[in-house]
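Novice: Guided by the hints, dock chain B onto chain A, whose structure is given.
Chains as they are written, first to last, in our numbering: chain A, 1 to 426; chain B, 1001 to 1178.
Each hint should be verified, as a subset may be incorrect.
As the list claims (entries may be wrong) - Derived BS3-like pairs (lysine-lysine); straight-line CA-CA distance at most 25 Å: (1) B/Lys-1097 - A/Lys-305; (2) A/Lys-85 - B/Lys-1103; (3) B/Lys-1012 - A/Lys-85.
To be verified - Computed from the model, here is a short list of chain B residues facing chain A with C-beta under 10 Å: (4) Leu-1004; (5) Arg-1007; (6) Val-1069; (7) Asp-1077; (8) Val-1082; (9) Asn-1084; (10) Trp-1119; (11) Met-1141; (12) Pro-1144; (13) Asp-1146; (14) Pro-1155; (15) Phe-1163; (16) Pro-1175; (17) Arg-1177.
As the list claims (entries may be wrong) - Which bits of chain B does chain A cover? Going by a derived footprint, with three or more residues having C-beta under 8 Å, they are: (18) 1031-1037; (19) 1056-1065; (20) 1087-1097; (21) 1105-1116.
Hints in this document: simulated from the structure, not taken from any laboratory. Positions of the beta carbon are idealized from the N, C-alpha and C atoms, including for glycine.
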Amino acid sequence: MNINSTATLERVTDIRQRKILSRIIDKDTMISVEGRDPLDNTMILNMGPQHPATHGVLRVLLRLDGETVEKCVPELGYLHRGYEKLAENITYHEFLPHTDRLDYLSPLANNVGYALAVEHAAGIEIPRRAMWIRTMIAELARISSHLMAMGAMAMDVGAVTMLLWTFREREKLYDIFERMCGARFTTSYTRVGGVANDFPPEIIPMIRAFIEEFPKHLRDFEGLINRNRIFIDRVSGVGYFSAEDAIRYGLTGPCLRGSGVAHDLRRDEPYLFYDELDFDVITYTGGDCLARYMVRGDEMKESLKIVRQLLEKIPDGPVMANDAKHVMPGKTEIYTKMEELISDFMLINYGTMPEPGESYFAIEGSKGELGFYIVADGTGHAYRMKIKSPSFCNLQALTPMCEGAMISDVVAIIGAIDPVMGEADK
Amino acid sequence: MKHLSERLERVKAAVLPRLNEAFGADQLDAFENRGELSLRVPRERLIELMSMLRDDPSLRFNLLKDVCVVDWFRRNDRFEVVYNLWSIPHNLRLRVKCFVEEKNPHVESVVGLWESANWYEREAYDMHGVIFDGHPDLRRMYLPEDFVDPSTGEPLYPLRKEFPMMGVPGSMPMPERN
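In isolation and in its complexed conformation, chain A is listed as follows (with noise of 0.2 Å):
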């Protein structure tokens, strides 16, 4: 088109405005221009769900009043994968290995809470050994979730050295994982019953050399960022939480211990061999991001403490119950002997079958309590299986805590709350 005179180049202009308002303006992303005086608006900012400071696929659609925060409101769901419907429809057995995909970062931890919730709801009690199996795991998870929380969280608030270190540290782990299960990241180690195999000959000596210096590398975090000015700045009295309120919404885990209240179930309702390990609960009264940074800083050392009195304590026997009814036979008697075949044909068919009742068990996860309410009906499927993710409720604490803050706040909010969404979203 040729523009030759004012008036068609006002048309085009016209135009151009048009579309490019006709962008601006769609449910997503809007302003809202109120009034004539043009800084007294609010602009509608969508986060997400691709935002590499939402931990996946959070999305959170905030009101701004300049820079300052007047709303926020996260929407869930862009990982849901109906966990719960699939687990009425697939055996215990089957529903194993989804439980890796709840909280990615600390899958063994979430093997152990399910394999002893469908054990609590069955009454098998598992021997020593694989107990004491359950227990190294369930902390080295937590560790490995521990230093992907502080360098995601790190990194958000610009401190991206502290990402790659903890990544080196938590790949020895995953070096560990692999010898002991043969993946990396989805383990599926455990087993009703049991674990599905002994530790390797090598993964004590691995797990010693860990510990061995894990604590200066930890050192060497806290150096790095404990006396920060510019990390400190960022997360120091932000998203500020009181204990009180922390209990109101629900809170577990670090975030619940970052405002000042000792609530661990390791210590409030023992299982495994938590009863009989020497650690502490550690609580910070800051309640804002820095607290629950400090939280998983010496929960580490805490799980260190723990793993330290494990190995001095190695009990012998086997790893897998022997409970006919419930429990899979090893692959060698399967091969050799006639009843332990037919145990496992109809273990795989009709699966372990717990009598009808409902109970509920949880263990205290990396991001707080990992619960799950089982309502048999003596079939080999979960009537109804809940599954109380510790990120889902953490996650409600978002709102209130973004609400006044600064935008760039909002990234150390969600860091420090460090939701998982695979088991936010179930």
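Specialist: Leaving out everything else, chain B in the frame of chain A:
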């Protein structure tokens, strides 16, 4: 399982005498399974019981950990709403349940007592279609608001037992295939 029976005795001793005195033993049904105590309460008296559980100094169930719904497909009072409570001062765990009819799936919301119930109840509504009266923002939690059956226009609730495992064709808009 010695520690389970110990745990059960502890919660029974703490909860039952106090509640029976305040409510009358005929109003509450107590069940125990695997060392856990559940109370069943009529729907009308839910809020009364819950506020007492939260505020009574000898109970202090101040942390609401979960709200979920169980669909008892064949029963007339079809939906069972389960509240999972924890008392931080006394280290006690308790479940409270109440039944909701299929025709009239309403129950009073507990958001006024525990803020955390907000999302739990939204999730329960999303998955089972139980309506929590007095909830400030009862939207679907995970699924889109227009998740309806394309043939009838009725809303779909995926964790109800009649919802097929493979989903309802056409209920969810999918990207077009090129």
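Novice: Does B/Trp-1119 pass the interface hint, meaning its C-beta sits closer than 10 Å to a C-beta of chain A?
Specialist: 5 Å, holds
Novice: With 10 Å as the cut and Cβ atoms as the points, is B/Val-1082 at the interface with chain A?
Specialist: 7 Å, holds
Novice: Just to be careful, I want the Cα atoms of A/Lys-85 and B/Lys-1103 compared with a cutoff of 25 Å; is the pair within it?
Specialist: Measuring from Cα to Cα gives roughly 23 Å; hence the hint holds.
Novice: Closer than 10 Å between Cβ atoms is the bar; does B/Asp-1077 clear it against chain A? Give me holds or violated.
Specialist: 16 Å, violated
Novice: Does B/Arg-1177 pass the interface hint, meaning its C-beta sits closer than 10 Å to a C-beta of chain A?
Specialist: 21 Å, violated
Novice: Quick check on B/Met-1141 please, does its C-beta sit within 10 Å of some C-beta on chain A?
Specialist: Hint holds; B/Met-1141 Cβ to chain A Cβ min 6 Å, cut 10 Å.
Novice: Go through the hint on B/Asn-1084 and say holds or violated, using the shortest Cβ distance to chain A against 10 Å.
Specialist: With a closest approach of 7 Å, the B/Asn-1084 hint holds.
Novice: Under 8 Å between beta-carbons, do enough residues of the segment 1056-1065 of chain B, three at least, approach chain A for the coverage claim to hold?
Specialist: Coverage by chain A holds here, the residue count being 4 at a Cβ distance below 8 Å.
Novice: Check whether three or more residues of the segment 1105-1116 of chain B sit with their beta carbon closer than 8 Å to a beta carbon of chain A.
Specialist: holds (count 3)
Novice: Are there three or more residues in the segment 1087-1097 of chain B whose C-beta lies within less than 8 Å of some C-beta in chain A?
Specialist: With 4 residues close enough to chain A, the hint holds.
Novice: Do the alpha carbons of B/Lys-1012 and A/Lys-85 lie within 25 Å of each other, as the hint requires?
Specialist: Since the Cα atoms of B/Lys-1012 and A/Lys-85 sit roughly 33 Å apart, the hinted pair is violated (cutoff 25 Å).
Novice: Does B/Phe-1163 meet its interface restraint, that is, does its C-beta lie within less than 10 Å of any C-beta in chain A?
Specialist: 8 Å, holds
Figure legend: structure checked against the earlier numbered hints; hints not met, in rising order: 1, 3, 7, 13, 14, 16 and 17.
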